[in-house]
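K.L.:
Sequence:
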Amino acid sequence: MRKVSPFCAGWRFALVDGLAGTGKDPFAVTGAAVTGATGAAVEALFALGYSAAPVDIPHSMVPLPDNHFDEASLFVEGLYLKDFDAPDIPPGGRVFLDFEGVASACRLWLNGRPLGEHRGAYTPFSLDITDFLLPGEANRLMVLVSARENPEIPPFGGVVDYLVPGGIYRGVSLRIQDRVWLEELFARPKAGKAFREGVRYFCQAELSVEARLRGDAKLSGLGETLFHARLEKDGTLLASAAAKTKDCLDGSGSLVFRFPSLGRLEAWDVEAPSLYDLRVGLGDMDGLSIRIGFREAEFTTKGFFLNGRRLFLRGLNRHQSWPSVGYAMGPGPQRKDAEILFRDYGVRIVRASHYPQSRHFLDACDELGLLAFEELPGWQHIGGPVWKDQALNDLSDLILRDRNHPSIVLWGTRINESRDDHDFYTRSAALARKLDPDRQTGGVRYLKQSELLEDVYTFNDFTHGGGAARIADRRRTAGPQAPYMITEHNGHMFPTKRFDQEERLGEHARRHARVLDAAMGDQGISGCIGWCAFDYHTHKDFGSGDRICYHGVADMDRIPKYAALAYESQQDPARKIVLEAASLFAKGERGAARLLPIEVYTNCDAVDLYRSGALVGRFYPDRRTYPNLEHPPVILDDLIGLRIDAEGFSARDKKLFLRLASKAMAGGPDSLGLLDKAGFGLFMARTGLAYPAVEDLVKRYGLAWGVPEDCFEIAGILGGKEVARRRYGPETDARRLGLSADEAVLSFQPGGEWNATRVTVQALDGYDRPCRFSFLPVRVELEGPGRVLGPKEFSLVGGARAFWVATAGREGIIRVAAEVPGFARQTILITAEASE
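Note that this note's numbering numbers the sequence shown so that position 101 is 101, with each residue one more than the last.
No lab work stands behind these hints, which were simulated from the structure alone.
Be a bit skeptical, because a hint or two may be false.
[Claimed, not checked] Calculated pairs, DSSO-like style, for lysine-lysine (alpha carbon to alpha carbon, straight line, at most 27 Å): (1) Lys540 / Lys587; (2) Lys434 / Lys244; (3) Lys655 / Lys677; (4) Lys587 / Lys434; (5) Lys655 / Lys587; (6) Lys576 / Lys721; (7) Lys190 / Lys434.
Work the whole structure out from these sequences, hints included.
P.N.:
Next comes the structure, spelled out in structure tokens:
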């Protein structure tokens with residue numbers, strides 16, 4: 001039997017800052033605080049005046065401000081306590097505590113006796129507590145957590161462009177096992193070349209499963225126990241395999257299940273991610289289930305191939321950071337990040353930078369069809385022998401935890417952007433291949449002609465700085481025989497805030513589009529992963545001086561900037577119609593009141609532009625500038641167009657006037673050269689108009705100064721029909737307050753991780769768009785079984801702001817209200833619902 005109980009509710013927490021010293025051991029203490037092997041001294045801290053407050057897991061020891069803070073305020077120690085009753089244990093059975101993530105080091109005691117310690121913020125660990133329990137009595141677990149940046153624990157030891165907020169920030173479980181149990185399963189599904197039928201892919205499938213048993217090392221007394229493995233789909237048994245005790249190798253507890261040929265099964269694919277349930281049972285002693293997928297993935301010198309077809313990997317990097325709570329976020333928002341990347345932005349791959357990320361996020365990747373590249377923790381710095389051993393332990397734990405995810409197609413076995421280290425990276429690459437012979441390896445570097453000990457040359461390419469150069473030459477960077485993928489671009493080269501001036505926001509989007517286009521033009525490049533999805537907290541040496549890196553295509557609230565459109569517009573229009581201009585169409589927002597050019601990011605065939613109800617003209621994707629993008633942006637380079645027909649000019653004169661007027665509106669009068677001025681002279685000579693009259697035409701038709709209803713509309717044309725329309729214009733005063741939640745129902749597991757959903761508040765104009773320059777104050781009120789994560793009073797940023805509402809362990813209706821001066825109070829209801 002296996003019984004897993006959630007262990008996340010009913011903790012107490014107190015900061016005990018100053019407990020630990022500053023030596024290499026995060027728990028090396030001075031004085032008489034914690035000097036021995038018992039927890040008595042730790043418990044005595046509460047008698048010295050420390051107060052413990054009730055908390056639930058996930059938990060961050062220090063709230064993270066939105067910006068302008070000192071990261072040293074996060075370098076604290078905290079003490080977590082939980083009292084619980086000892087569970088019933090079967091004869092010979094064992095009890096474990098399973099931690100999914102504690103940042104960044106911890107030491108544990110149960111009933112005053114030391115349980116052990118764990119180092120590293122991102123990997124799970126388990127502790128056998130059987131012999132420490134007091135049957136029939138209350139038991140006290142104490143966890144001392146250090147968030148100090150220990151130079152012997154990756155990623156620390158050098159400068160780091162991200163923060164590691166401390167706490168028990170991932171789930172905790174209590175697990176009861178019989179005397180023999182399954183420690184882990186490693187499924188090795190094989191898929192032949194896939195073939196498509198309708199919307200699904202199929203393959204000729206094979207499957208073997210490696211299982212490791214724990215408990216009695218010699219498995220004595222089990223006799224000829226028969227172990228079963230079952231492959232199921234939606235509850236239907238498809239195939240089974242069996243093994244006996246004698247099949248265990250040398251008493252090591254290893255079993256291999258070899259399924260008969262499975263024949264034709266649905267393949268796991270980005271377009272149709274078919275998942276299967278694999279269940280392995282040890283009689284009535286234990287059972288373990290995982291989800292698997294059958295797919296063939298390979299990086300080659302001719303690009304990346306999934307199930308036999310070439311697929312360009314358009315992607316973004318992701319940090320697991322949120323406002324206020326840092327890393328400590330529940331399952332729902334973890335999954336929502338994957339949905340934003342896949343459904344909203346349409347990316348095909350996410351790089352889990354620069355560490356193992358939440359299992360909830362990866363589960364969502366499996367379900368959605370979002371490919372993932374996951375890597376060991378680190379950032380540029382390589383430490384000494386102890387540091388390297390810890391890094392290899394992290395890599396091992398990462399692969400053992402995640403190697404059954406079909407979404408993961410590449411392991412990162414180098415420290416991000418570190419220099420070559422032959423011995424260390426020979427070990428890390430070999431370790432990955434040993435633990436998972438079926439996946440390729442990569443190692444993210446910024447070095448050209450770096451030693452390639454992995455399978456794929458993964459390169460951070462910051463060539464593009466706004467000029468003509470877009471990406472580095474692949475052959476000169478990695479050599480012609482190396483599979484190759486760009487793993488970062490843009491980012492720090494052009495940090496952009498969501499409330500920046502339109503010209504910067506527009507250039508930010510263009511830079512992402514340019515690099516994507518250039519990478520797609522080289523058939524030897526497997527993919528191009530932009531830096532990055534969301535803005536994030538960082539150290540003083542990075543960001544904008546306020547401890548925030550504004551490198552994302554969206555801000556920390558997951559509210560997109562224009563750059564997100566460069567990705568979103570590349571989706572198949574059958575899946576989602578995208579039509580959005582990277583402009584407010586506002587006179588004066590750009591330098592010198594220049595209105596042109598305007599990019600429209602769309603996956604439509606063409607865009608019709610209307611001004612004040614009159615058709616300006618039809619515009620087409622800019623395939624000259626972006627020859628490789630599936631859906632290049634449409635460039636609006638004329639705001640006059642057909643409207644000038646009312647003046648009765650000849651076709652020749654009209655064309656000349658529109659060209660010169662558009663150039664003047666894009667670059668200002670000073671952009672007109674001698675030939676342009678001569679052209680205006682020719683136009684005046686042929687039409688008999690004096691210069692003031694020509695200038696008046698430009699002002700009247702182009703700039704439309706003084707026209708009260710100067711409204712613009714863009715219509716997306718697909719297959720010859722209008723499929724979408726957007727409006728822009730002068731109605732930019734705040735008309736109403738918008739309040740919405742990502743989820744109307746929040747499911748939570750009683751005693752398990754609390755869940756949460758994002759709530760967005762916006763000051764909306766006459767076109768239901770956020771008022772881009774509104775920073776009005778907001779006050780949030782909440783009633784019912786929930787809580788707001790972070791402050792309840794804040795300001796809008798660029799007309800919008802998000803906050804997260806979490807469950808509180810009880811079912812019921814959560815009523816969330818927002819008040820902004822000058823607007824009617826808005827209220828939404830969220831249902832908190834318990835699940836098994």
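K.L.:
Compare the structure with each hint and give your call.
P.N.:
We went through each hint and held it up to the structure:
1. Lys540 / Lys587: Answer violated: Lys540 to Lys587 is near 37 Å, above 27 Å.
2. Lys434 / Lys244: holds, 25 Å
3. Lys655 / Lys677: holds, 15 Å
4. Lys587 / Lys434: violated, 62 Å
5. Lys655 / Lys587: holds, 24 Å
6. Lys576 / Lys721: Holds, at roughly 16 Å.
7. Lys190 / Lys434: holds, 18 Å
Hints 1, 4 from the list above are not met by this structure, while the remaining hints are.
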